[in-house]
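Novice: Those sequence lines, one after another, are chains P and A. The numbering of the first sequence is numbering that gives the first Met the number 0, which starts it at 0 and goes up by one. The numbering of the second sequence is numbering that gives the first Met the number 0, which starts it at 0 and goes up by one.
By construction, these hints were calculated from the structure, which means they are not laboratory data. A couple of the hints might just be wrong.
[What the hints assert, rightly or not] Looking from chain A toward chain P, a few residues come up when the C-beta cut is under 7 Å (computed):
1) Y3
2) L4
3) I7
4) Y75
5) M79
6) E101
7) F299
[As the list claims (entries may be wrong)] Restraint-style ranges between C-beta atoms, simulated for each label pair:
8) D3(P) to W245(A): 52 to 58 Å
9) I422(P) to H327(A): 32 to 38 Å
10) P294(A) to F341(P): 56 to 62 Å
We treat Cβ as the ideally placed atom computed from N, Cα and C, and that holds for glycine.
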Amino acid sequence: MDFDPVLLARLQFAFTIIFHIIFPSFTIGLSAYLATLGAMWLRSGNDRYQHLMRFWTKIFAVSFAMGVVSGIVLSYQFGTNWSRFSVATGNVLGPLLGYEVLAAFFLEATFLGILLFGFNRVPPSLYVLSAAVVATGTAISAFWILSANSWMQTPTGHEIRDGIAYPTDWLKIIFNPSFPYRFAHMLNAAYLTTGFVVLAVGARYLVAGRHVEEGRTMLRMAIGLMAILAPLQLVLGDQHGLNTLEHQPIKVAAMEAHWDGSKPGDFHIFAWPDEVAGVNRFELSIPKAASLVLTHRMNGLFPGLNSVPASDRPPVKIVFFAFRIMLAIGFFMIAAALFGAFLWWRGTLFETRWYLRVMAQSWWVGFVGVISGWIVTECGRQPWIVQGIMRTADATSPIPGATIAGTLALFVLAYGVVFWFGIYYINRLIAQGPRQVAPETGRFSPSPISAAQDAGREAMQR
Amino acid sequence: MEWYLPLIWAAVIGIAVVMYVLLDGFDLGIGILFPFAENESERDQMTRSIAPYWDGNETWLVLGGAGLFVAFPKAYAVIMPAFYVPVIVMLLALVFRGIAFEFRHVSRSKTGWNIAFAAGSTTATFAQGVILGSLIQGVPVRDGAFSGGSFDWATPFAFVCGLSLIAGYGLLGATWLVMKTEGPVAEKARAHAKALLVAVLASMVVVSLWTPLTEPRIATRWFSLPNFYFLWPVPSVTALIAYLEWRWLEEEERDVPPFLATMALFLLGYLGLVISNFPYLVPPSLTIWDTAAVPASQIFMLLGTLLLLPIVIGYIIFIYWLFRGKIHEGESYH
Chain P
0 MDFDPVLLAR LQFAFTIIFH IIFPSFTIGL SAYLATLGAM WLRSGNDRYQ HLMRFWTKIF
60 AVSFAMGVVS GIVLSYQFGT NWSRFSVATG NVLGPLLGYE VLAAFFLEAT FLGILLFGFN
120 RVPPSLYVLS AAVVATGTAI SAFWILSANS WMQTPTGHEI RDGIAYPTDW LKIIFNPSFP
180 YRFAHMLNAA YLTTGFVVLA VGARYLVAGR HVEEGRTMLR MAIGLMAILA PLQLVLGDQH
240 GLNTLEHQPI KVAAMEAHWD GSKPGDFHIF AWPDEVAGVN RFELSIPKAA SLVLTHRMNG
300 LFPGLNSVPA SDRPPVKIVF FAFRIMLAIG FFMIAAALFG AFLWWRGTLF ETRWYLRVMA
360 QSWWVGFVGV ISGWIVTECG RQPWIVQGIM RTADATSPIP GATIAGTLAL FVLAYGVVFW
420 FGIYYINRLI AQGPRQVAPE TGRFSPSPIS AAQDAGREAM QR
Chain A
0 MEWYLPLIWA AVIGIAVVMY VLLDGFDLGI GILFPFAENE SERDQMTRSI APYWDGNETW
60 LVLGGAGLFV AFPKAYAVIM PAFYVPVIVM LLALVFRGIA FEFRHVSRSK TGWNIAFAAG
120 STTATFAQGV ILGSLIQGVP VRDGAFSGGS FDWATPFAFV CGLSLIAGYG LLGATWLVMK
180 TEGPVAEKAR AHAKALLVAV LASMVVVSLW TPLTEPRIAT RWFSLPNFYF LWPVPSVTAL
240 IAYLEWRWLE EEERDVPPFL ATMALFLLGY LGLVISNFPY LVPPSLTIWD TAAVPASQIF
300 MLLGTLLLLP IVIGYIIFIY WLFRGKIHEG ESYH
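This is chain P alone, in the form it adopts within the complex (with noise of 0.2 Å):
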């Protein structure tokens, strides 16, 4: 059999950093939500918002170590499957995955170990630190890894000989022109996904009348970022978008499938691009909508995808539907956040149950909402890697697509099992619910999970 070992070496990265950033999106929100209910508890003395931080604690530990067992594959992935793109951006590049590693993992990992065990270690005030330097490593790792992306997406600072890409200017690499967009649009994305989740979870327990106090703190607290973020998250997207048209206009043209650039660009709500024709097929459209969005002129021009080639061009398919998914759930995001302070407002929030069903079943968009955004993003740039600079096919590593596929499979199956058990314990815990972590019995638990279960054991025992 013969495999090509370019694509599988795509798809193996596809679906390990799909799986990784499934963690990230939650708990860089999760532990700024776990800081604030510390800084809530500080302040007021109130014992719900202790219970609720240890609560969502036990939950961030579980997702914590999936998010950090899968970025260390991604740290070697780079070497093991992309060795011609490490060599060819290694003096760029490796910097900052370099500052990533020492201002933040170490943070996260260390302080970890005293916002799991330390509760009783510790005074509270430097417990809830813990919280906040996690909440801050998060964040900061964050940043240097999007730098990093951007600067793939938006080379600048550098120059190319001999095929190796030689740092000039540190601060222009690092805040390349797409780096303050992605990085604004990714860490609100990361905060609605998690208070899509909060929210959720508290909308669930409403449904169920089982720890409501807790619930309707997690509903208060959701709805009131959201309202904000979410329409926020409207507003930073938008600019990226033109930033995104400035400097990499064919990865615009292939999100809005617009192929012929002499004429003004519709908002296809549905088409089927047909990339051999370069036309698109069975059109829903908008008249001049996405000209308006992008040039804020009905009659605008952006280029469209026939301007190049057919080999510079990305998949059009991907990314066109891909942008539509990411949008739906937008808007989804907006609607549920501003009509949730609406019901709030009209004091009805606890009593609308069609609302609190529909959101307690809504714990996942913000994590399809932050797939499709990088698929977008990430797609949108090929056929290169590193934007003008390096193709993706002259990027991998002289590994045969056998090898490839074999580890493939391992990843499929190992993160297969692993994802499967830890949505599975994260939703028990969810189902044990806050009040039974309460009560300290003052016996060890190694981990805070079986913390929650040794509680939820003894409360039915009794």
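The hints should help you fit chain A onto chain P, whose structure is shown.
Specialist: Then chain A, alone, in the frame of chain P:
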């Protein structure tokens, strides 16, 4: 600058690797010893003794990988493809043992995750030993890229190194338990430590004889004059420390010295490897100077390292201090 920057970076990465081996070594060792625990209470004490640290310990592995990418991208780009299969097996094994850590406490039946923790730890250790052994034997390079096959690493010597490292991490784990636990767990660990100490010494002898016999460059390094005059203390001190460690393991009241002695043995073994292979990063062809990133990159990262690494080490010391003392059976951790 182009001469000494790679030297400094080799030292930094060398420190990261030492930290990784010593720190993750003892918690991987706990996994290696896991099958010998008799009941869940013993296994709980064993995992409890490393719970607050393992994540931080494993971060040194990320620093080692990232550091290699930062400072020696051309070596990174050869070593990773050359050890593609063992690296990925190691990473997947680490996934399972890291996950098992959290999951075994949640699960109603712990058996499956106990097996995952033990098998993951042992497999990851074995893979690390294989990579090390195979790297010492050399990696074929053409035009700056790996030019061998997917399974070139599978040599008898590499497998011996894999088994040796299992014994070594097992010894670190056993002496860690002697230090951090008490009662049956500690007693059993003491017995295991003695057996493992013998195995580690045997491994050291085998590796120390095998490498100079098959790699002429290593024989020249050790046995040519005047090198020999400077180098003979390395094996002598190793033998002395091993003897002292055995004595300490015999005395019930000595619970910290055996762990320190094991760390010293690891440092000496590591020193031996450095002596054998310096200045090669990818023997027998690529040195630290051949593979170095440009000075601009090495300096930029070095500034950050000099600023951040002391802080990192500071709070790592803090957390070891915070969770100091022995784990008692059934006693509250808090």
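Novice: Is 32 to 38 Å respected by the C-beta to C-beta distance linking I422(P) and H327(A)?
Specialist: Because 35 Å falls inside the window, the suggested range holds.
Novice: Is the interface hint for M79(A) satisfied, with its Cβ closer than 7 Å to some Cβ of chain P?
Specialist: 3 Å, holds
Novice: Would the hint on F299(A) stand, with a C-beta cut-off of 7 Å toward chain P?
Specialist: Holds: closest Cβ of chain P sits about 5 Å from F299(A), inside 7 Å.
Novice: Was the hint right that E101(A) lines chain P, CB cutoff 7 Å?
Specialist: Result: holds, 5 Å to nearest chain P Cβ.
Novice: Should the interface hint for Y3(A) be scored as holding, given a Cβ-Cβ cut-off of 7 Å against chain P?
Specialist: This hint is violated: Y3(A) lies away from chain P, its Cβ roughly 18 Å from the closest one there, beyond 7 Å.
Novice: 52 to 58 Å was suggested as the range; check whether the CB atoms of D3(P) and W245(A) agree with it.
Specialist: Because 57 Å falls inside the window, the suggested range holds.
Novice: Given the hint of 56 to 62 Å, check if P294(A) and F341(P) actually sit that far apart at their C-beta atoms.
Specialist: 60 Å, holds
Novice: Is the interface hint for L4(A) satisfied, with its Cβ closer than 7 Å to some Cβ of chain P?
Specialist: The hint is violated - L4(A) has no Cβ within 7 Å of chain P, the shortest such distance being about 13 Å.
Novice: Return the status of the interface hint for Y75(A): holds when the least beta-carbon distance to chain P is below 7 Å, violated otherwise.
Specialist: At 5 Å from the nearest chain P Cβ, Y75(A) passes the 7 Å test, so the hint holds.
Novice: May I ask you to test the interface hint for I7(A) with respect to chain P, counting a Cβ-Cβ separation under 7 Å as satisfied?
Specialist: Since the shortest Cβ distance to chain P is 14 Å, the answer is violated.
In summary, the numbered hints that this structure violates are 1, 2, 3.
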